[in-house]
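Asks: Chains as they are written, first to last, in my numbering: chain A, 63 to 409; chain B, 982 to 1344.
Honestly, I wouldn't trust all of these hints.
Here are the simulated lysine to aspartate or glutamate pairs, DMTMM-like style, with alpha carbons at most 25 Å apart [what the hints assert, rightly or not]:
| # | chain 1 | residue 1 | chain 2 | residue 2 |
| --- | --- | --- | --- | --- |
| 1 | B | Lys1240 | B | Glu1229 |
| 2 | B | Lys1197 | B | Asp1113 |
| 3 | A | Lys280 | B | Glu1027 |
| 4 | B | Lys1197 | B | Glu1074 |
| 5 | A | Lys280 | A | Glu407 |
| 6 | A | Lys280 | B | Glu1311 |
| 7 | B | Lys1282 | B | Glu1244 |
| 8 | A | Lys405 | B | Glu1229 |
| 9 | A | Lys280 | A | Glu204 |
| 10 | B | Lys1282 | A | Glu298 |
| 11 | B | Lys1240 | A | Glu250 |
| 12 | A | Lys405 | B | Glu1244 |
| 13 | B | Lys1197 | B | Asp1132 |
| 14 | B | Lys1282 | B | Glu1027 |
| 15 | B | Lys1282 | B | Glu1229 |
| 16 | A | Lys405 | A | Glu298 |
| 17 | B | Lys1079 | A | Asp374 |
| 18 | B | Lys1282 | A | Glu250 |
| 19 | B | Lys1079 | B | Glu1229 |
| 20 | B | Lys1079 | B | Glu1244 |
| 21 | A | Lys280 | B | Glu1003 |
| 22 | B | Lys1240 | B | Glu1074 |
If you are wondering where the hints come from, they were derived from the structure by calculation, not from laboratory data.
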Amino acid sequence: MKLPTATPGIFLLTMTNRLLRSPLNFCLTLFCAGLIYLIIPPVLNWAVFEAVWHGTAEQCRQADGACWVFVGAKARFFVYGFYAPALQWRPTVAMTIMVALMSVSLLRRLWGPQLGLIWVLGVALAVWLSLGGWLLRPIPVEMVGGLPLTMMLAFITVPLGFPIGLLLALGRRSDSAWISWPCTFYVELFRGTPLIAVLFSASVMVPFFMPEGITPPKLMRACVAFVLIAAAYAAEAIRGGLQAVTPSQSEAGRALGLTSPQVIRLIVLPQALRHAIPGLVTITITFFKETSLVSVIGMSDLLRAVRVGAQDAQWLGFDIEGLVVAGAIYFVFCYVFSGIARKLEKR
Amino acid sequence: MKALVLLAFIIGVLAVAALVRESLARENLNLSFGFLLQPIGINISESLFPVNPTDPFVWLILAGLANTVRVSLVAGLFATLIGVVVGIARLSEHPLLKALTGIYIQIIRNTPLLLQLIFWYMLFLRLPTVRDAISFRNSIFLSQRGLQIPDIFWRGSSSVIVVAVVGAVAAFFALSFSRKSRVGRSSLWLRLVSALCVGVAVVCVGGGVGVTMPQKTVFNYRGGMTLTPEFMALMLAQGCYGGAFVAELVRGGLQGVPKGQWEAAQSLGISYFRMLRLVIIPQSLVTITPSLTTQYISIVKNSSLAIAVGFPDLFWALSSAINLTGHAIEGVTLITFLYLLPILLAGSVMSHFNARITARGQR
């Protein structure tokens, strides 16, 4: 509650009152103060005061604190992976495009079919920049790594899974059991199996489904797995959106003389998707975190780059600094975008 | 239209089947589950029961399943405890408490679980060696090898167990017929608890219940129960991660209870905690249980991350089987089946529980 004449003095008074109002509050204050005392000074000591900001690995090993020299030396590797240093402007531009795409999706004004078009163009541009092939020098797929890989995996697979998820959500509502049962089965299957199991299964089983001689690269297998899972999650989000549209809408459409597919396309879907977009944004943010799982099947995303960097003979033993940096990057991205998405949902 | 979809589906399935058959012929494999009876050939790093390299793969998978259940149960318990405490704390007006819990929840929710797991694991690997282990009263040791705690063992015969069960059942029914147990709805719990106490008492007295203390040898410990760093990292990471989500659920559920209920309960003059326990929490269970089920399900699913730290869980066992025998398709079918089954079971149990709660709430 904001008092009409809120000043710093009144704020302090209210806070102090709340901290000491009752015996319980007083004990809680002591407990929290104790917790802060136990946690903050050692962490600050490690991260700031005893940390080594400039110098060599030897100086780092002799100091007690964090070794931020390691982060500085390896920063390029964490962000870009094994990408050719001279061409690193390309993933940078690709990442900027993808962040811009994400920000643009949160503007309510642009919600509609044009958003889909913007995404398709933006993602195609980002992929062309990273992998090359037409006018730009092609890059082998194994070289793409680090933060661009994490972003691409999240931002390409979720939009690709969206149309499949749309079909699945519509199929679930179908009257015919031949269509609704497989759709339900698919969604429950991919939501019920652990992500890592699907990733692993895809990378192990895809060779069986390919004709002789074709072994798709790991990136493609991981993408296939993520698209399948994203379709299942998107189907659930869209189903929620579809349920939010009252049946009277489709009845009104039917009364106007529109056929069933037309009712869905012109009346139900636009409203349903508008309800579902916050859910889809949440899915993209969750997938951004879940892409870290590809480090388990050996792909070089941000998390794996951080761990591999700590295994460099010169910089052995500084894994925790790397993990903290990677965690900070994930945190910033997820916190900012999920905060905005939550504000969207409230409206 | 539907006929077209059906036709396309059938053609697709036939094409895929043809491709698969060709690939199998190429690799000289055949689709069969017989590989489950082949000897394993590798060792398992920790398990609830002994597994030899000569045992069949089924045994390895069972050991992995036991490990998954073990870690999921403990992590789920931990997550529920943390979640309930932090969720209720989030509702308080105490600014420090709200700030601290808020920071905890934001950090945990916005970083990947795998990263947190590896972070905890790295912390555990930095513990001192066995020689310089941190010890508490010389009976609990924390070191690189994990946490060593005293282990309870029981020396007795199966006849003691039979007597214990009979005694527990007898106590249960004896209390049912006693006129004095008119304590309302809690009489069922009272009877169950008394029966349990009787059973445990008979078991303790009938056999020899003893405690083994961990003894320090040169490189490791002897006796006692060991909680490996992998198990503890998995348990802590999942407990904290699940706890943050459960806390948000609990807070949302408690805030979903109508304001009028809070005010009416406050006007009764009972203490805050009694108000929570008797009025608010029972009503919030209606909204909390479905989401809580989803959380428990995701804890079970996320336990498969154990492969990243080397904890031998169900997924590790199945992927080892696939890698060692090459029967990928059967293995993958097993993975989906074995993970879906407990999840569907848990879901249906919880929805039954949920139905009972909603029915009660509508009285």
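Asks: Compare the structure with the hints numbered earlier in the document and write down the numbers of the violated ones, lowest to highest.
Replies: Result: hints 3, 4, 5, 7, 11, 12 and 17 break, sorted rising.
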